[in-house]
Structure formats: C-alpha cells, structure tokens
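Q: These are the residues of each chain, in order.
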Amino acid sequence: MKVFRPRALAVLLVAAAVLVAAAGAGAAKKKPKGPTLLHPGAALAALVKKAQAEGSLNFYTVPPDPEVRRVADAFTKRWGIKVTWTRFGTSDLETRFSAEAQSGSPGADLLILSNSQWVGLAERRGWVSGPKQVGLPGWPKGQIPIGYPKKLLTNSGSAIVQLQPSTFLINTNLVKPADAPKDWKDLLDPKWKGKIILTDPTSSPAFVDLWWAVQRKEGGIDFLKKLRAQAIRLYPGVAPLTQAVIAGEAPIAVPGVPAIAESLIAKGAPLKEVTPTVTNGPEEVVLLTNKAKHPNAAKLFAWFLLTPGGQALLNADPGVISAWDVNKLPAQYTRVDPAVSSKMKSAIFGAFGVG
Amino acid sequence: MTATASSAPIRRLRRARRRLTPFQVASALVVLFMAALALYPLGTVLVRVFVSNGHLDVSGLRRTFDEPDLGTVVANTLIVVGASTGIALLIGSLLAWVNERTDARMGLLTEALPLVPFLLPPIAGSVAWVLLLSPGAGFVNAWLRWCLAKVGDHTFTGPLNVYSWFGLILVYTIYQVPYAFMLVSAGLRNVDPSLEEQSRVSGAGLLRTVRRVTLPGVLPSIGGAVLLMLWSGFGIVSVPLAIGTGANIHVLSERIVRVLTFTYPPDTGVAIGLSLIMIAFVAVAWWAQTRILRRERFATVGGKGRRATPIRLGAWRWPVRGVVLCYMLVTTVLPLFALVIVSLERFWSSTIPWGDLTLDAYRTGVLHEAIARKSLVDSLELGGIGATVGVVFAAIVSLFVVRTSPRVGRVVDGAIKFPATLSHIVIAVGFVLALGGAPFHLGGTVAILLLAYLALYFPQTAVVADAAVAQVGRELPEASRVAGAGEGRTFRRVYTPLMVSGLAAGWALLFVRCVGDLTASSILAGPKNPVVGWKILQVYTDGSFSQMAALSTILTLVSGVVVVAVLTLTRRRGRVALGRRGAAT
Numbered sequence: 035m036k037v038f039r040p041r042a043l044a045v046l047l048v049a050a051a052v053l054v055a056a057a058g059a060g061a062a063k064k065k066p067k068g069p070t071l072l073h074p075g076a077a078l079a080a081l082v083k084k085a086q087a088e089g090s091l092n093f094y095t096v097p098p099d100p101e102v103r104r105v106a107d108a109f110t111k112r113w114g115i116k117v118t119w120t121r122f123g124t125s126d127l128e129t130r131f132s133a134e135a136q137s138g139s140p141g142a143d144l145l146i147l148s149n150s151q152w153v154g155l156a157e158r159r160g161w162v163s164g165p166k167q168v169g170l171p172g173w174p175k176g177q178i179p180i181g182y183p184k185k186l187l188t189n190s191g192s193a194i195v196q197l198q199p200s201t202f203l204i205n206t207n208l209v210k211p212a213d214a215p216k217d218w219k220d221l222l223d224p225k226w227k228g229k230i231i232l233t234d235p236t237s238s239p240a241f242v243d244l245w246w247a248v249q250r251k252e253g254g255i256d257f258l259k260k261l262r263a264q265a266i267r268l269y270p271g272v273a274p275l276t277q278a279v280i281a282g283e284a285p286i287a288v289p290g291v292p293a294i295a296e297s298l299i300a301k302g303a304p305l306k307e308v309t310p311t312v313t314n315g316p317e318e319v320v321l322l323t324n325k326a327k328h329p330n331a332a333k334l335f336a337w338f339l340l341t342p343g344g345q346a347l348l349n350a351d352p353g354v355i356s357a358w359d360v361n362k363l364p365a366q367y368t369r370v371d372p373a374v375s376s377k378m379k380s381a382i383f384g385a386f387g388v389g
Numbered sequence: 053m054t055a056t057a058s059s060a061p062i063r064r065l066r067r068a069r070r071r072l073t074p075f076q077v078a079s080a081l082v083v084l085f086m087a088a089l090a091l092y093p094l095g096t097v098l099v100r101v102f103v104s105n106g107h108l109d110v111s112g113l114r115r116t117f118d119e120p121d122l123g124t125v126v127a128n129t130l131i132v133v134g135a136s137t138g139i140a141l142l143i144g145s146l147l148a149w150v151n152e153r154t155d156a157r158m159g160l161l162t163e164a165l166p167l168v169p170f171l172l173p174p175i176a177g178s179v180a181w182v183l184l185l186s187p188g189a190g191f192v193n194a195w196l197r198w199c200l201a202k203v204g205d206h207t208f209t210g211p212l213n214v215y216s217w218f219g220l221i222l223v224y225t226i227y228q229v230p231y232a233f234m235l236v237s238a239g240l241r242n243v244d245p246s247l248e249e250q251s252r253v254s255g256a257g258l259l260r261t262v263r264r265v266t267l268p269g270v271l272p273s274i275g276g277a278v279l280l281m282l283w284s285g286f287g288i289v290s291v292p293l294a295i296g297t298g299a300n301i302h303v304l305s306e307r308i309v310r311v312l313t314f315t316y317p318p319d320t321g322v323a324i325g326l327s328l329i330m331i332a333f334v335a336v337a338w339w340a341q342t343r344i345l346r347r348e349r350f351a352t353v354g355g356k357g358r359r360a361t362p363i364r365l366g367a368w369r370w371p372v373r374g375v376v377l378c379y380m381l382v383t384t385v386l387p388l389f390a391l392v393i394v395s396l397e398r399f400w401s402s403t404i405p406w407g408d409l410t411l412d413a414y415r416t417g418v419l420h421e422a423i424a425r426k427s428l429v430d431s432l433e434l435g436g437i438g439a440t441v442g443v444v445f446a447a448i449v450s451l452f453v454v455r456t457s458p459r460v461g462r463v464v465d466g467a468i469k470f471p472a473t474l475s476h477i478v479i480a481v482g483f484v485l486a487l488g489g490a491p492f493h494l495g496g497t498v499a500i501l502l503l504a505y506l507a508l509y510f511p512q513t514a515v516v517a518d519a520a521v522a523q524v525g526r527e528l529p530e531a532s533r534v535a536g537a538g539e540g541r542t543f544r545r546v547y548t549p550l551m552v553s554g555l556a557a558g559w560a561l562l563f564v565r566c567v568g569d570l571t572a573s574s575i576l577a578g579p580k581n582p583v584v585g586w587k588i589l590q591v592y593t594d595g596s597f598s599q600m601a602a603l604s605t606i607l608t609l610v611s612g613v614v615v616v617a618v619l620t621l622t623r624r625r626g627r628v629a630l631g632r633r634g635a636a637t
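Just so you know, the protein sequences line up as chains G and W, in that order.
According to the numbering used here, the first sequence is numbered sequentially starting from 35.
According to the numbering used here, the second sequence is numbered sequentially starting from 53.
If you are wondering where the hints come from, they were derived from the structure by calculation, not from laboratory data.
Any given hint could be a false lead.
To be verified - Listed next, the in silico DSS-like pairs over lysine-lysine satisfying Cα-Cα at most 25 angstroms (straight line): (1) W:426 to G:327; (2) G:116 to W:580; (3) W:580 to G:84.
To be verified - Partial list, derived from the structure: chain G residues whose beta carbon lies under 7 angstroms from chain W: (4) 87; (5) 98; (6) 130; (7) 133; (8) 263; (9) 267; (10) 268; (11) 270; (12) 303; (13) 306; (14) 307; (15) 342.
Think of the CB as a built atom: it goes at the ideal place given N, C-alpha and C, for glycine as much as any other residue.
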C-alpha cells in the first residue's frame, strides 16, 4: 500500500505551478496585451488582399540597391506583388519628390531616406506620413507597437529602419593595424598630417549631424578646424572618397559609410573600417506617400520592412544596424536632432573652409 | 550663280513673299511649340519662387548678392570658362583646319577621334581624369614616378595634380574642343575653296590666306562655337564637382547645384539669381554672335560647288600628324584606357592587377541587370528621336529667325535659347511641376524626358543651325524662289542639302547630349522611363567605379559608332550634292 507523502505532493504542486506559469508566459507571448508587428492578426490578411489587387509598388530609396533588392525580392516572392525602386542620394530624392508632390503626382508610393528636416516639412505639407500616423497591421494609428524601440520614432512619427554609424576608412596596404587611429583625437597626431582625406560636409545633411556630434564631444569647432588642417583635400561624396582611399590616394578617409565600404571589402579591397567611440550616421526612415497610386501595397511593404525579418534583410551587411538591434550601436553613438545640428551648419562649413 | 532678273519672276517672288505659305504656318507653329516648351516649365518655377501671396517677392535675388564669396565664385567661373574656351577654340580650329584643308588629314581618324571626349558622359569623363591624374594613385602619375625613379628621383605623389587650376581647365578644355572642331569643320566645308585657291594663286602666303580669306569665311562658325563653348562651359556640373571640390575652386554651376540639393530648404531663388549672372555673360556672347551673323560680310556658299584641293605641307606633314596624334592619344585614348581598365578591376587601384582583371562589372552591372540594359536601349532611342526632331526644328526656327523682322527674330531667338542657360535642375523641376501632374500627367514617362531634352539642348543645336543657315546665304534660295519653287520646296531642295554637314554636326551634338544627360534625368527618369545617364549616376553614388566605368565604356562605344556613321554618311551625301551641283553649273 502506497503511503501518502506530503513531500512528493509538494514537488508535484510546484511542478504544476511552473508548468502553468510557463504556459501562461507562452500564452502571454502569443497574445500580448498591446499591438505587435509580429502578430498583426486579421488586419494583415485584409491588407494583403487589397495590396495584391493593386499588383505593384514603386518606391524611392537612399539605401543602396543590394540592400533593398533583398527585401523587395522576399516581398515579391511571398505575396506576388511586383516591386520597382529608384536609388538616390538624400538631397536628390528630396528635390525630386518635392517637385512631384507639388505637381500633385508623386512618383513613388513609399520613401526610404535619411532623416532630415525635410521629413518634418514633407509631413507638415501633407505629402507623406509615418507608420504611426497611418497605422499598419499590428501598429494601430497613434500607438507604438510592442518591441519597436520608441526612441527610433522621429518626432513626426516616421520610423527608423536602418542606422549606419560612420567609420574611419583605413587603407590596410598603407597603415599597419597597430598604427590605425582608433578615435577622433588620434587623427590629429602629427604623423597623419597630409595623410587624411575628408568628404565635403556640404554634400549631405547627414555630415552636419556627424560633425555636430563630434565637435560637441571633442572640444568644439576648433577640433574640426584642426582636422581640416590635417587633411589633403575634400571629396564630393562618400563613394569617390572610398574609392580614393582604396586606390591609395591617402591612408585614411573620414567618414566612411558601411554600406559602401563593406561591398568593396567583400571584393577584396585593402580596406578596414574603424568605428570611433563618438559617432553618428545616416538614419534611414520609412514614409508612406499620401497620394500613392498603390497605398495598400505601400502599407504592406512598410509593415514587412519594419518586422524583424524585413529589418534583417535590409540590414544584413556588416556595420549596418537594424532597428531591432539598437544594442549593437557603438557605446557613444549620438542621436542628433537635425533641427539642432543645422543651427551650427555655417560654423561647421566654415571650419572646413567650404560653403 | 547670277539669276537673270526679268520682271515677271521678280513680281512672282514679291507676291509669294506677301502670301502666307503652308511652310510659313508650319514654321510659326514649330517656333511657338519650342518657345512654349522653353518658357512654360520655367514660368511655373518662377511663379512659385517669386510670387508669394499674390505679391512679387525678390528676396531670393537679394540673397544671391549676399553670398559671402560671390565675387570669388564668379571670378573662378570666368577664369575657368574663359581660359578653356580660348584654348579649345585654338585647338579645335587647328584640328579642323588640318583635317579639312591639308594633306596631313588621316581620314576617319582625324575626322572622328577629336569628337570622342564629347561622347563620354561628363561624370565618367571627370572620373577618368581623376583616375589618370590624381596625385597619389593616378595612372599617369604612377608611370611618371616610375620613370623619375629610374633617374633617381623618388617621389610619392605627383608630379601632376588634377585637383588644381591646371586640372580643372584641362578637363574643361577637353570637353570644349569638340564644339570648336565640329563647327569650324562644318564652316570650312561650306566656304568656297576656290576663294582660298585664288588667294594663293594671287601670291598670298598660307598664313595670309588663312587670315584674309579662311578666317572671315568661317567667322559664323567660330562665333557659334564660342557661344556654344561658353554656354556649355557655364553649365558643366560634373567636372567642378569631381575636380573643383578637391582643388577648393568653386564655380557658379556647382554652387547652384549645392543651393538646390544640399541646402535645406532648397534655395531656388538664389539658384535663379546665380543663373542670371551666367545668362548675362552668355547674352553678351549671343549678342556678339548675332552681330557677326547679321553683318553677312563673310563668304557664303556660292552657286558653284567645288571641293578643296588639300594644301601640301611638305616636310611638315608628318610632324603635324604627330602633334595631332599626340593630342588624340592624350585626350581620347588615355581617358578611355583608364575607364576600360577600371571597368575590368574590382575596384580602382593604381597598380593594375593584370592577372586579376575580370568582366564581372559588365556581367553583373550591364548584361544581367535588366534596368541597365533597358536604360541603354531607351537612351539610344531617345537620343535618335530627340536629335532628329530637334535638328529639323532647329533648321526651321533658324530660317524663321533669319527671314523675319530683326526685332521679332531677336525676341523669338532669345525666348527659345535663354531659358536653357538656367540650371538644368531648375528646368527639370519646372517640367515636373508643369507637366508631371494634371492635366498632362507626363510624370514618369518617356515623353517628359524627350520634351525636357529638347528644351535643354535645343538652343545648342539652334546655334549650329544658325551658322549653317547663315552660310547658305541668300543667293541660291532666292534663285530657287525666282525659278518658281515654294518655301517648302526651297527648304527641302536648297537649304537642306547645303546645310546637311552643319546639321549633321548639330544632330551629333544633340544625340550625345540627350544620351548622356545626367542632371535632368536625375529628376525625371525612373524605373518606368530609365535612361543611361540616370543609371550611371546611381551606380556612381552607390560607390561602384567599376560598374560606372563598364556602363560608360559601352555607352561611349555605341554612341561613337552611331555618331561616326551619321557624320560619315552625311558627309558623303554632302559631297555627292556638291558634286552634282558643280556638274550642273
């Protein structure tokens, strides 16, 4: 005859409680209290139906072709919606879209571009809206979905989908790994005098943000003047700057953009990226066009882009960081409000002797 | 040819002049269309910029003169454009003279190669010169340093530096020479060679004949070439961006792009203000050219057609050929070589990896890239259609301007030509505003690109056509009218054959400009209407020099074949026409 054992009963009860708690936790994971992009429910199916009826989507992008192609191919494969896009620099995209929006005939259903003052202006003029303003499956209008980093929403409600901390580009044929500068102050070492090339800061609004963050941490505008004095010359963009440092025009180039540098490193270019502690870089946001020809396809694409899966596809290259991986940002990555940094634009341009 | 002036034909001619012919109506419609194309989009932009709440707002223009370094930028522009125009005129005219009048010519080689730099899209041409003359990694500098090392001079940079006044003026000049070469060549072909021969028979030496007979004869072409070179020189953007930035030499065209695309918010008022400064300089050149054309004291095509007997250079023949070949080697072969090498490299490297060259950029960037292929085909089609329509319209407009009253002619001429002196970005934005939405809905179509190309590059073609029309003179068309031919028939049977070589140059010019356009295409092209200039710009900003070089190499080869074929064909026809006319007289 079996004897009743209180200890065994206690063990059973604890085990049952753990199981129930675990099941509860699982249930909580499946059915969160708030909206979530991962589990949008019936709203997604309804949107897919409407988007498929539209059949296609066209967008403008600043992130380069290989990155957006991965997302577009996966999107088309999953829902059969044809995707076309045009790649621009941020300024060119803004100029073109502004003209189209003013003519009442925007050429794109969706935009992926670097956050700048233009984004706020375009939203105020009613040309575009962020996901928070229009609402997506799992992202009800006016709310923030669970899990999406709140700090990555811009003031106007557009959502960041890519971060690229700026780097130093080092020609590995000309600089030994141990000698490579690690941080901004290292660039002022006399041994690098005449061995640095820089990008013209007037060539993109993103550079104003970067130099604003750098001068704030490194002792003001004087630092930028000293850095300019170290440099041989300025280049009109990151693309020619990167090509020049690889070719050996100078051992060091600043600032580098991972999306461009990594594709060349993959081809065997003698190039290494060093991320300084204080940095900043282009922050790409997704915006929906208000008079889009394919509004539902655009919403579906924006939703897909914002999910961890879509983000992983867009940001698969080294050095490029997804909105879901903000913990991978450098320790002193500095978020900059373009409205604040732009007030120092003239001083920054003056330090570099341009504009 | 001297027409026997009986009173009946003259009465018939006077009656015909009073009557409005279908040709005149068609000409007026073409003029109206081209004027609308130039003015309507521009007007749309101007209204948005300068009219605020129903009031005139010229603060943008005031801000232009507040630009702190405006004087320096204007001076830089005048130095670069002025120096390159002067040097290019000298080189282009000498090349044209050697090719058209001396026995040093080498057939297709001297006829077509001077035009090749013109076929390279400016962004690719600028990058090619950076690849050659960058002080650290430029191919030419690497070779020169290797040579210097052999004689014990071990330097690590230079000796040449593209990022300097020298580099900037050099590349501007190379882009300007084809204008002078094309127009002066066409002018020389149209000047009656018997005049030069008579001068030489009368005892005048070579230099005196050139100074007293040849130069006055080609004066309209020289005027046209100077105007075109100033026009294009003020408008070049890629060269000052790629080279001027590194040299810290800033010019007006580059400053306009900066205030439009790198300034927040884009300052269109200042861009237009800066453009007005450029217009003022071009207007002076235009006024001078109009004076030259209206004086009519230059030699025009006479009634008797004759081909020039080449001047024998004797012992100078081969040295002259050597100099010409050296020029072509430096300006044509070297940049193309740099682009081809980089297109075969995985990335730009000053030491050419001969064992590791690859066709990857051609495979992945062109052959397997559907949009790149489509953009190439669409651009060539657009170039062909645009150039043909544009050159016919330009001939009609030029005739209209010449034959109408001077005041109306000047207004029409100015209305059509001057808007294109404004920044191409401003005009492209105007096209989107005016034609992109309701009621035209041309946004994202090939039609909007074609119309924009016509508006932007038509004036340059019109300058070529003006010179061609001026050189036909009045003698032959009047004879045709007296003989009873109508306006249309005279245009077809007299003007067209006599202008064909000048117009072919205009066609080539317009074709190349349409095919290689970057600035307007960056605003107007997209996946539905891709063009190659837009694609090259995309690839450049993505950072792939190899892919950009591959696309540019293919574009240069294809458009080179097209241009050479057209120039050769029209030249043969021109000779046949001249031969026939000579036989008939």
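Q: Please go over all the hints and tell whether each is borne out by the structure.
A: Structure-based check of all given hints:
1. W:426 to G:327: holds (24 angstroms)
2. G:116 to W:580: holds (13 angstroms)
3. W:580 to G:84: holds (23 angstroms)
4. 87: violated (20 angstroms)
5. 98: holds (5 angstroms)
6. 130: With a minimum Cβ separation of about 5 angstroms from chain W (threshold 7 angstroms), the hint on residue 130 of chain G holds.
7. 133: holds (4 angstroms)
8. 263: The hint is violated - residue 263 of chain G has no Cβ within 7 angstroms of chain W, the shortest such distance being about 13 angstroms.
9. 267: Constraint on residue 267 of chain G satisfied, holds at 4 angstroms.
10. 268: Where the cut-off is 7 angstroms and the nearest Cβ of chain W is about 6 angstroms from residue 268 of chain G, the hint holds.
11. 270: Holds - the Cβ of residue 270 of chain G comes within 7 angstroms of chain W, reaching about 4 angstroms at its closest.
12. 303: holds (5 angstroms)
13. 306: Status violated, d = 14 angstroms.
14. 307: violated (14 angstroms)
15. 342: Nearest chain W Cβ about 26 angstroms off; hint violated.
Hints 4, 8, 13, 14 and 15, counting from the list given before, are not met by this structure.
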